[in-house]
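Enquirer: Take a look at the letters that make up each chain.
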Amino acid sequence: DMKVTQMPRYLIKRMGENVLLECGQDMSHETMYWYRQDPGLGLQLIYISYDVDSNSEGDIPKGYRVSRKKREHFSLILDSAKTNQTSVYFCASSFMDRGDTQYFGPGTRLLVL
Amino acid sequence: SQLAEENLWALSVHEGESVTVNCSYKTSITALQWYRQKSGEGPAQLILIRSNEREKRNGRLRATLDTSSQSSSLSITATRCEDTAVYFCATSSSGSWQLIFGSGTQLTVMP
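Residue numbers (the numbering used here), protein chains in the order written: chain H, 107 to 219; chain Z, 916 to 1026.
If we strip away everything but chain H, and leave its shape as in the complex, we get:
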């Protein structure tokens, strides 16, 4: 059963706290992604990972960093969260083929107070 999981599903943090969002996939996909989704803005790419320890910035990487130590696991870290990082974060994965299908997780709803 092809699946992308995200933990936690909901998170409330205070400004300045550190945030760790976790993503897992069971499809042995090489490529994984982190997006954020805000009303009216669609999906914005934060980071892309081509494989273990091979990460690249997307369109809006400022304020975020990522870690990928295992192919099936990809983490998004917010060091000292800001209120404008309140958003819904989606993780996705795909095979290493430009333009291939991306499989999305259910999302993490983050509120930074």
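By construction, these hints were calculated from the structure, which means they are not laboratory data. Note that the Cβ used here is the ideal one computed from N, Cα and C, for glycine as well. Some clues are possibly wrong.
[Stated by the list, open to error] The calculated SDA-like cross-link candidates involving lysine to any residue, where the alpha carbons are at most 25 Å apart (straight line), are:
| hint | chain 1 | residue 1 | chain 2 | residue 2 |
| --- | --- | --- | --- | --- |
| 1 | H | K109 | Z | T999 |
| 2 | H | K168 | Z | S1011 |
| 3 | Z | K953 | Z | L923 |
| 4 | Z | K971 | H | T207 |
| 5 | H | K109 | Z | D998 |
| 6 | H | K188 | H | P212 |
| 7 | H | K109 | Z | N973 |
| 8 | H | K168 | H | E123 |
| 9 | H | K188 | H | I118 |
| 10 | H | K175 | Z | Q1013 |
| 11 | Z | K971 | Z | E920 |
| 12 | Z | K953 | H | Y116 |
| 13 | H | K109 | Z | K953 |
| 14 | Z | K971 | Z | D998 |
| 15 | Z | K953 | Z | S983 |
| 16 | Z | K953 | H | K175 |
| 17 | H | K109 | Z | L923 |
| 18 | Z | K953 | H | R215 |
| 19 | Z | K953 | H | L217 |
| 20 | Z | K953 | H | K168 |
| 21 | Z | K953 | H | E123 |
| 22 | Z | K941 | H | K119 |
| 23 | H | K119 | H | G146 |
| 24 | H | K188 | H | Y116 |
| 25 | H | K176 | H | D157 |
| 26 | Z | K941 | H | P167 |
| 27 | H | K168 | H | M108 |
| 28 | H | K168 | Z | S1018 |
| 29 | H | K176 | Z | W1012 |
| 30 | Z | K971 | H | M108 |
| 31 | Z | K953 | Z | Q1021 |
| 32 | H | K175 | Z | W1012 |
| 33 | H | K188 | H | Q112 |
| 34 | Z | K941 | H | L147 |
| 35 | Z | K971 | Z | S933 |
| 36 | Z | K941 | H | L217 |
[Said to hold, decoys possible] Pulled from the structure, derived: some chain Z residues nowhere near chain H, Cβ distances all over 12 Å:
| hint | residue |
| --- | --- |
| 37 | L926 |
| 38 | R969 |
| 39 | V1001 |
Chain H is already provided as a structure; the job is to place chain Z on it using the hints.
Expert: Then chain Z, alone, in the frame of chain H:
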């Protein structure tokens, strides 16, 4: 400005009717995908249509691609209430791993 965008922010139809969502894009693409996102869920791919294809079907769904006008359409026949969702088009280009998503069209199917 968006490199891919759906032409309407919102649509509503009654159950059983057909509906078409349109998308335009601004770059040369290798493929275009249509995704659906239901409330509280992540996007899920409906159809992938490559640049050398003109039409693709998936059950009640039909996608077309016109590379000359840089546009695509997604048609849904015999709509159901469970088709209520946001529909996105997303494009891919050679030399990039990135999918460019439009901002989406909210489709509401009423009983």
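Enquirer: For each hint, tell me whether it holds in the structure or not.
Expert: Hint-by-hint comparison with the structure:
Restraint check for K109 (chain H) and T999 (chain Z): the C-alpha separation of about 23 Å stays at or below 25 Å, so the hint holds. Among the hinted pairs, K168 (chain H) with S1011 (chain Z) is consistent with the structure: their alpha-carbon atoms are about 20 Å apart, no more than 25 Å. Between K953 (chain Z) and L923 (chain Z) the CA atoms are separated by roughly 17 Å; this keeps the pair inside 25 Å, and the hint holds. For the hint linking K971 (chain Z) to T207 (chain H), the alpha-carbon distance of about 15 Å falls within 25 Å, and the restraint holds.
A distance of roughly 22 Å separates the Cα atoms of K109 (chain H) and D998 (chain Z); the hinted pair therefore holds under the 25 Å criterion. As the CA atoms of K188 (chain H) and P212 (chain H) are separated by approximately 23 Å, the hinted pair is consistent with the 25 Å bound. Restraint check for K109 (chain H) and N973 (chain Z): satisfied, since their Cα atoms lie roughly 21 Å apart, inside the 25 Å limit. With a CA separation close to 16 Å, the supplied pair K168 (chain H) and E123 (chain H) stays within the 25 Å bound.
Between K188 (chain H) and I118 (chain H) the CA atoms are separated by roughly 12 Å; this keeps the pair inside 25 Å, and the hint holds. For a cut-off of 25 Å, the pair hint linking K175 (chain H) to Q1013 (chain Z) stands: about 22 Å separates their Cα positions. At most 25 Å may separate the alpha-carbon atoms for a hinted pair to count; K971 (chain Z) and E920 (chain Z) meet this at roughly 20 Å. Of the supplied pair hints, the one linking K953 (chain Z) and Y116 (chain H) holds, its CA atoms being roughly 17 Å apart against a limit of 25 Å.
Simply put, K109 (chain H) and K953 (chain Z) have alpha-carbon atoms about 17 Å apart, close enough for the 25 Å limit, and the pair holds. Distance hint between K971 (chain Z) and D998 (chain Z) is fulfilled; the C-alpha atoms sit about 19 Å from each other, no more than 25 Å. Among the hinted pairs, K953 (chain Z) with S983 (chain Z) is inconsistent with the structure: their alpha-carbon atoms are about 31 Å apart, more than 25 Å. For the hint linking K953 (chain Z) to K175 (chain H), the alpha-carbon distance of about 31 Å lies beyond 25 Å, and the restraint is violated.
Taking the CA atoms of K109 (chain H) and L923 (chain Z), the gap is near 31 Å; set against the 25 Å cutoff, the hint is violated. A hinted pair counts as satisfied when its Cα atoms are at most 25 Å apart, and K953 (chain Z) with R215 (chain H) qualifies at roughly 15 Å. As the CA atoms of K953 (chain Z) and L217 (chain H) are separated by approximately 21 Å, the hinted pair is consistent with the 25 Å bound. For the suggested pair K953 (chain Z) and K168 (chain H), the alpha carbons sit about 29 Å apart, so the restraint of at most 25 Å is broken.
A distance of roughly 31 Å separates the Cα atoms of K953 (chain Z) and E123 (chain H); the hinted pair therefore is violated under the 25 Å criterion. Distance restraint check for K941 (chain Z) and K119 (chain H): the Cα-Cα separation of roughly 39 Å exceeds the 25 Å cut-off, and the hinted pair is therefore not satisfied. Straight-line distance between C-alpha atoms of K119 (chain H) and G146 (chain H) comes to about 24 Å, which keeps the hinted pair within the 25 Å bound. The straight-line distance between the Cα atoms of K188 (chain H) and Y116 (chain H) is roughly 17 Å, inside the 25 Å bound, and the hint therefore holds.
Taken as a hint, the K176 (chain H) and D157 (chain H) pair is honoured in the structure, with Cα atoms around 8 Å apart against an allowance of 25 Å. For the proposed pair K941 (chain Z) and P167 (chain H), the alpha carbon gap of about 24 Å is at most 25 Å, so the pair holds. This hinted pair does not check out: K168 (chain H) and M108 (chain H) have alpha carbons roughly 31 Å apart, beyond 25 Å. Distance hint between K168 (chain H) and S1018 (chain Z) is fulfilled; the C-alpha atoms sit about 21 Å from each other, no more than 25 Å.
Annotation: proposed proximity of K176 (chain H) to W1012 (chain Z) holds, straight-line Cα distance about 20 Å (limit 25 Å). Between K971 (chain Z) and M108 (chain H) the alpha-carbon distance is near 23 Å, which keeps this suggested pair within the 25 Å criterion. The straight-line distance between the Cα atoms of K953 (chain Z) and Q1021 (chain Z) is roughly 10 Å, inside the 25 Å bound, and the hint therefore holds. A distance of roughly 20 Å separates the Cα atoms of K175 (chain H) and W1012 (chain Z); the hinted pair therefore holds under the 25 Å criterion.
Restraint check for K188 (chain H) and Q112 (chain H): satisfied, since their Cα atoms lie roughly 21 Å apart, inside the 25 Å limit. Of the pairs offered as hints, the one joining K941 (chain Z) and L147 (chain H) holds, with about 17 Å between alpha carbons and a cut-off of 25 Å not exceeded. For the suggested pair K971 (chain Z) and S933 (chain Z), the alpha carbons sit about 17 Å apart, so the restraint of at most 25 Å is met. A distance of roughly 34 Å separates the Cα atoms of K941 (chain Z) and L217 (chain H); the hinted pair therefore is violated under the 25 Å criterion.
Distance to chain H confirms L926 (chain Z) as a non-interface residue, since its nearest Cβ pair spans about 16 Å, more than 12 Å. Against the 12 Å criterion, R969 (chain Z) stays outside the reach of chain H, whose nearest CB is about 17 Å from its own CB. Interface exclusion of V1001 (chain Z) from chain H breaks down, the closest Cβ pair being 9 Å apart, not more than 12 Å.
Violation of the numbered hints given earlier is confined to hints 15, 16, 17, 20, 21, 22, 27, 36 and 39; the remaining hints are satisfied by the structure.
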